[in-house]
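Asks: The lines below spell out each chain.
4 protein chains.
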Amino acid sequence: MNDNTRFLNNRRTDLALEERESFEEDDVEIKGVVLEEEYDEEQNIKITRVEIKDERGAEAMRKPIGTYITIEAPDIAGADEGYHEPVSKLVAKYIEELARGVEGKHVLVAGLGNRSLTADALGPQVVDNLFVTRHLVREFGTEFAKRNKMESMSAISPGVMGQTGMESSEILRGIIEETKPDILVVIDALAARSVSRLNTTIQITDTGISPGAGVGNNRNALNEESLGVQVIALGVPTVVDAATIVQDRMEEALRKRGFSEQEVYQFLSEMTDQDVSNMFVTPKNIDDSIKRISYTISEGINSVFYKAPTAAQS
Amino acid sequence: MNDNTRFLNNRRTDLALEERESFEEDDVEIKGVVLEEEYDEEQNIKITRVEIKDERGAEAMRKPIGTYITIEAPDIAGADEGYHEPVSKLVAKYIEELARGVEGKHVLVAGLGNRSLTADALGPQVVDNLFVTRHLVREFGTEFAKRNKMESMSAISPGVMGQTGMESSEILRGIIEETKPDILVVIDALAARSVSRLNTTIQITDTGISPGAGVGNNRNALNEESLGVQVIALGVPTVVDAATIVQDRMEEALRKRGFSEQEVYQFLSEMTDQDVSNMFVTPKNIDDSIKRISYTISEGINSVFYKAPTAAQS
Amino acid sequence: MNDNTRFLNNRRTDLALEERESFEEDDVEIKGVVLEEEYDEEQNIKITRVEIKDERGAEAMRKPIGTYITIEAPDIAGADEGYHEPVSKLVAKYIEELARGVEGKHVLVAGLGNRSLTADALGPQVVDNLFVTRHLVREFGTEFAKRNKMESMSAISPGVMGQTGMESSEILRGIIEETKPDILVVIDALAARSVSRLNTTIQITDTGISPGAGVGNNRNALNEESLGVQVIALGVPTVVDAATIVQDRMEEALRKRGFSEQEVYQFLSEMTDQDVSNMFVTPKNIDDSIKRISYTISEGINSVFYKAPTAAQS
Amino acid sequence: MNDNTRFLNNRRTDLALEERESFEEDDVEIKGVVLEEEYDEEQNIKITRVEIKDERGAEAMRKPIGTYITIEAPDIAGADEGYHEPVSKLVAKYIEELARGVEGKHVLVAGLGNRSLTADALGPQVVDNLFVTRHLVREFGTEFAKRNKMESMSAISPGVMGQTGMESSEILRGIIEETKPDILVVIDALAARSVSRLNTTIQITDTGISPGAGVGNNRNALNEESLGVQVIALGVPTVVDAATIVQDRMEEALRKRGFSEQEVYQFLSEMTDQDVSNMFVTPKNIDDSIKRISYTISEGINSVFYKAPTAAQS
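Protein chains in written order, with numbering that gives the first Met the number 0: chain A, 0 to 313; chain B, 0 to 313; chain C, 0 to 313; chain D, 0 to 313.
Errors might be hidden in some of the hints.
Copies of one chain are not kept apart here, so a pair can be met inside one copy or by any two copies together.
Unchecked claim - No more than 25 Å apart at the CA atoms, straight line, and that leaves these computed lysine-lysine pairs for BS3-like:
no., residue 1, residue 2
1, 290, 92
2, 88, 179
3, 290, 306
4, 88, 290
5, 255, 52
Honestly, the hints are just simulated from the structure, not real lab data.
Start from the sequences and build out the full structure, keeping to the hints where you can.
Replies: See the structure below:
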């Protein structure tokens with residue numbers, strides 16, 4: 000693989016899966032990166048597990064060392080409620096796996112993003128459907144919690160910097176310092192490269208969220224190193240960067256017409272994204288999709304941290 | 000102008016202004032279309048008036064015969080509240096002009112679009128800030144209304160077909176039949192071609208809204224012919240079609256590299272929009288922009304139909 | 000029963016059940032009114048059926064002739080999701096019974112009330128969770144609908160007069176005229192007398208909604224007589240009138256201290272409600288309750304008019 | 000004043016003004032409490048300043064030592080926009096006074112309360128309309144801020160315990176620890192005794208918010224002592240406690256009928272609030288009132304901490 004190709008692929012995706020796909024020969028092992036796939040034909044759900052093992056892998060993938068699990072469920076966009084249960088069970092399974100056990104732990108869930116921007120409202124909408132329990136556990140005691148199979152869960156939607164004047168990381172660091180959770184689960188809307196992954200894919204990782212990963216901007220990162228607690232990040236791609244979509248379509252068109260690698264490279268490097276920076280592409284039915292998938296994720300999280308909701312009511 | 004060029008420009012815009020710009024030689028008169036421009040340097044506001052005079056003009060512009068006034072106010076996206084007043088005054092002025100007088104008339108305002116999709120929420124948000132008066136006029140009488148310089152205003156946000164199972168035109172036709180307004184003002188989010196026009200431009204027209212204009216789909220149109228009342232449509236472009244943005248960037252890149260008209264045409268005609276159909280491009284701060292500009296429009300409408308709000312309170 | 004008692008009980012309730020309870024001797028038959036009760040001990044759900052048979056009954060009950068079914072499910076306020084299913088099944092059962100069959104019918108659901116006032120948002124929230132199908136049936140045909148066990152459903156939240164300047168009845172009459180449904184289902188928040196019924200009780204009736212029932216204000220009524228289509232009204236008490244709660248507590252206190260019927264009557268008739276008119280009493284957790292019970296009702300309605308949602312997706 | 004009377008008046012109000020009124024002889028000085036009144040006849044705005052000077056005053060008033068300024072503006076509920084300006088100017092004036100200067104200070108504004116419960120949404124709605132600047136000041140520097148007369152403002156709506164599992168005080172303490180503001184301004188919906196004060200009255204105090212004041216529950220208090228920063232609390236009464244309204248009406252009725260102090264006392268002490276605890280009374284148009292008054296307060300706060308918004312844009 001030559002550098003030019005790498006440049007062309009140097010477009011924004013928050014999915015480790017897509018980063019991995021950007022390498023041309025799909026079958027060749029990238030050093031330091033392990034890829035596993037599973038497919039449930041009946042449910043039409045594909046699970047991909049990308050493990051970045053060492054620094055070499057991290058550099059190649061431009062993502063931190065850790066485990067990235069992707070649930071691809073193309074049918075989840077549809078209206079069938081029955082389909083959501085297997086997906087929410089998978090969400091629960093992988094959160095529990097990455098958390099290495101949740102019993103007796105206090106979890107803080109943070110719904111990142113802007114509540115009033117549909118494509119960015121995933122995090123706040125997930126939080127709106129959580130069944131928080133920390134105040135109950137504190138009031139009625141751990142015996143009560145144990146009897147009801149209830150861990151201690153708290154949750155917050157910190158808003159975005161344009162609304163608060165603060166970084167989400169500042170707000171969360173303060174709350175963590177004050178309330179001492181064992182695990183932070185962060186929910187966020189992601190950017191994908193492929194339009195077909197929008198609102199159908201859930202990525203769960205134990206690496207947290209690292210804006211501008213590797214650039215030393217660690218203060219704004221939400222990960223174990225910066226926060227001192229275990230961090231699990233759960234994201235759904237809801238947008239594609241407008242510049243990325245333009246470049247991808249153009250590259251595809253040029254290749255189809257027989258342009259050489261070199262020519263494609265030259266062509267694209269002359270383009271400017273100026274007027275589409277700060278623009279994103281999103282589907283027209285994004286409101287329905289977000290409502291649906293945020294509900295599925297809430298169900299998954301609720302079921303991890305409160306295993307017997309029925310009993311507790313009675 | 001050859002046909003190829005026309006084809007290339009055959010992309011979606013709801014602005015008569017942009018349709019007019021798509022003709023190559025800007026200075027040449029298009030038969031049946033009159034263009035006038037005005038520029039207020041101090042306020043940095045440009046007014047363009049496109050009059051489509053006859054069928055020939057309508058065909059060339061692919062828009063119905065009538066008047067299209069566009070207010071371009073690039074600074075309206077900023078935070079300065081003082082700037083909104085001149086824009087809302089212009090909105091009021093042109094509504095009043097196109098309505099050919101409002102005294103003693105009953106106006107129904109319809110805020111089209113999907114309240115839960117930020118880029119489509121312009122109409123409902125405008126309606127949320129209106130000061131409706133029809134029930135007051137009915138209760139306290141026309142003498143009261145006259146004394147308070149209050150016309151009769153009603154308003155509705157009919158929702159979108161995916162939420163209601165009905166066309167907006169069906170809902171509005173029923174309400175008009177029942178409540179007999181003299182004027183319908185429809186507010187809607189539009190699609191533009193140029194990213195720079197998003198959330199900075201207001202189009203006001205006396206032609207109403209004609210989905211698939213000229214294709215005989217008149218039943219869903221919202222215009223005087225189909226509804227039997229005067230219709231004024233007020234729109235703000237909030238999105239660019241994703242396929243349009245891809246094609247426009249590509250065309251620009253190809254031209255810059257010296258491709259001939261014919262080659263550009265061939266190139267683009269081979270592209271497929273498949274995976275970006277039903278996708279739109281919108282700025283990241285669309286929530287703020289919509290909140291701001293819908294408030295400006297509400298103020299404009301309120302001031303047309305209720306000229307002395309202060310007096311009425313006392 | 001003397002007149003004084005009747006006066007004391009002359010306070011606002013939208014529940015036929017509570018109107019019936021206001022008669023002192025519960026066991027004595029009121030002429031023209033039949034009462035039946037059922038109790039499901041396991042689920043702790045009580046069903047009461049009040050049938051007003053004739054004019055005499057209507058006058059005594061101050062409600063129109065027809066059937067009033069009340070589902071009292073005190074546990075529905077709790078967080079247990081499993082509990083909602085039996086309630087939503089009962090909702091479906093009684094809608095289907097009162098509609099005397101739904102096959103091949105087109106239903107319009109109207110969510111009355113003010114979306115931005117929590118205690119009044121029941122109707123709009125129910126509509127937000129409906130799976131409307133009318134546009135699908137029109138696009139894909141009745142064969143498609145039949146195969147998928149889908150009736151034609153449309154829905155609207157018309158807003159309140161302070162927002163629209165129009166009566167809900169005007170808006171709905173227009174839409175009905177235009178779209179010709181066979182059945183109108185109206186959802187509305189109700190006023191109860193008893194605090195304990197708030198958010199735990201669902202009333203379903205085939206009499207529609209008659210503001211100021213019997214006062215000749217029929218134009219604003221939503222019933223078969225005024226609209227020309229079958230009307231089923233579904234309501235949940237979410238508030239108690241502030242004046243009612245004050246009078247009830249006072250009456251109770253006076254009786255407890257041995258005041259005579261006559262004295263209680265005199266005492267209360269001297270009170271003025273002036274400063275609590277236009278005030279209502281509602282529980283602090285009304286937001287959770289409304290969210291929960293509106294979801295239960297949506298599920299019930301969806302299951303009546305779309306019996307095989309899963310199949311339709313595949 | 001005898002103890003019985005005091006007991007009768009021992010009902011919930013968050014307004015120092017109403018606490019003061021509960022003392023029978025209005026003209027007699029309460030030791031340790033200074034009362035000043037001002038009335039602007041033209042604007043129909045009354046300003047009351049209650050200063051609690053020492054422990055004796057604090058005990059009598061059941062409120063912490065400090066200054067309580069109340070703006071009573073009965074006309075603010077109306078639709079006249081012109082009226083809001085003088086009120087927002089008063090809000091600005093008293094915040095600046097109680098803050099003893101704001102130049103060069105960093106303020107954090109906290110909008111307490113439940114966004115999805117209309118009567119409790121004042122705080123979040125105020126925050127939604129703030130113009131936060133802390134991130135701008137950090138990015139562009141203090142020179143830029145100074146030139147634009149912009150102080151550093153951040154803001155958060157922490158939600159309520161049922162949504163987050165955390166006390167607001169925990170969340171705010173963490174954020175304050177992390178971001179080090181000089182002043183905390185807390186906005187909250189209050190409970191009043193008098194229905195006529197709902198949504199027409201603004202209380203501004205330098206004592207912060209002390210739930211269960213004086214009961215040693217200091218950990219949940221939001222005041223200078225517990226947080227280590229200056230705290231200004233700004234509140235608007237939006238509800239009356241249901242038990243309070245019942246007792247007040249009953250007391251009034253009993254007195255009118257000539258019951259003695261002793262008898263009234265006995266009567267009320269036998270009543271139970273059981274079924275109206277956790278219930279509140281609120282006006283039917285609370286959504287409009289909250290929208291309006293929260294906008295007025297936002298304007299006031301914005302103008303204190305950003306004195307030249309226009310200049311900054313240019």
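Asks: None of the hints should be skipped; say for each whether it holds.
Replies: Results of checking the hints against the structure:
When the C-alpha separation of residue 290 and residue 92 is checked against a cutoff of 25 Å, the pair qualifies only within one copy, where the shortest distance is 22 Å, while the shortest distance between copies is 28 Å. With identical chains, the CA atoms of residue 88 and residue 179 are never at most 25 Å apart, being 27 Å at best within one copy and 42 Å at best between copies. In this assembly of identical chains, the alpha carbons of residue 290 and residue 306 lie at most 25 Å apart whether taken from the same copy (24 Å) or from different copies (22 Å). Taking the shortest alpha-carbon separations for residue 88 and residue 290, both the intra-copy value of 18 Å and the inter-copy value of 24 Å come in at or below 25 Å.
In this homomeric assembly, residue 255 and residue 52 never come within 25 Å of each other (Cα to Cα): the closest approach is 36 Å inside a single copy and 45 Å across copies.
Of the numbered hints stated above, those contradicted by the structure are hints 2, 5, listed in ascending order.
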